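With the sequences and hints as input, model every part of the structure.
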Amino acid sequence: MVSTPYQVHVSAAKAGVDALSAVLAVEEGPHGVRSNVIAPGPISNTEGMDRLSTKNVDKDKANAYPVGRQGDVKDIANATVFLFSPAASYITGQVLPVDGGSEHTRYQFLPYPQSVLDPQSVAHLIKARM
0 MVSTPYQVHV
10 SAAKAGVDAL
20 SAVLAVEEGP
30 HGVRSNVIAP
40 GPISNTEGMD
50 RLSTKNVDKD
60 KANAYPVGRQ
70 GDVKDIANAT
80 VFLFSPAASY
90 ITGQVLPVDG
100 GSEHTRYQFL
110 PYPQSVLDPQ
120 SVAHLIKARM
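Note that numbering that gives the first Met the number 0 numbers the sequence shown so that position 78 is 77, with each residue one more than the last.
In case anyone wonders, no lab produced these hints; they're calculated from the structure. Please read all numbers here as calculations on a predicted model, not as lab measurements. No residue lacks a Cβ here, since even glycine has one placed at the ideal position from N, Cα and C. Do not rely on the hints blindly, as some may be mistaken.
[To be verified] Label-pair restraints from in silico Cβ distances:
(1) R50 - V16: 13 to 23 Å
(2) E46 - A86: 24 to 34 Å
(3) P29 - Q6: 29 to 39 Å
(4) G92 - D117: 38 to 48 Å
(5) V66 - T3: 15 to 25 Å
(6) P29 - V66: 35 to 45 Å
(7) F83 - V115: 18 to 28 Å
(8) F83 - D117: 45 to 55 Å
(9) I125 - D49: 24 to 34 Å
(10) E102 - V25: 16 to 26 Å
(11) S2 - V25: 20 to 30 Å
(12) A12 - F83: 20 to 30 Å
(13) A86 - P4: 16 to 26 Å
In structure tokens, the structure reads:
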């Protein structure tokens, strides 16, 4: 798992979903219920990439992805179809990364915020509330 500055709320929510899925797999497995999680990596033309990435991430960093490209929403759809198919009938309680292998590179696709590196550089933007 790669952490992203200022996304603590997202990280906490994702960890909760992963844990919930694992518990459901154990508790509901005897009833024929399978529970899995899809963990998308960088997916082009999504709100997350639009909000968190630099505008030229596709052009400048395409070679940083092990498969040579960013993901597409169709990649997530294909993983979903697979998990609902008979081919995945013995898979439960898993987190399936759909990230083109980028989780293995530990590469930071997003620029590190200056406000984390040097909080004083943005101090003038923050107004004290009393």
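Results of checking the hints against the structure:
1. With their beta carbons about 20 Å apart, R50 and V16 fall inside the hinted range of 13 to 23 Å.
2. A beta carbon spacing of about 30 Å between E46 and A86 agrees with the range 24 to 34 Å that was offered as a hint.
3. Between P29 and Q6 the beta carbons are some 36 Å apart, a value that agrees with the proposed interval 29 to 39 Å.
4. Checked against the hint of 38 to 48 Å, the pair G92 and D117 passes, with Cβ atoms roughly 42 Å apart.
5. Range check, V66 to T3: Cβ separation about 21 Å, and the 15 to 25 Å hint holds.
6. P29 and V66 have their C-beta atoms about 37 Å apart, which keeps the hinted 35 to 45 Å range intact.
7. In this structure the hint that F83 and V115 lie 18 to 28 Å apart at CB is violated, the actual value being about 40 Å.
8. A beta carbon spacing of about 47 Å between F83 and D117 agrees with the range 45 to 55 Å that was offered as a hint.
9. Judged by the Cβ atoms, the range 24 to 34 Å given for I125 and D49 holds: they are separated by roughly 25 Å.
10. Roughly 24 Å separates the CB atoms of E102 and V25, a value that falls within the hinted 16 to 26 Å.
11. The hinted window of 20 to 30 Å between S2 and V25 holds, with their beta carbons roughly 27 Å apart.
12. Roughly 23 Å separates the CB atoms of A12 and F83, a value that falls within the hinted 20 to 30 Å.
13. The hint said 16 to 26 Å for the Cβ distance between A86 and P4, and at roughly 38 Å that hint is violated.
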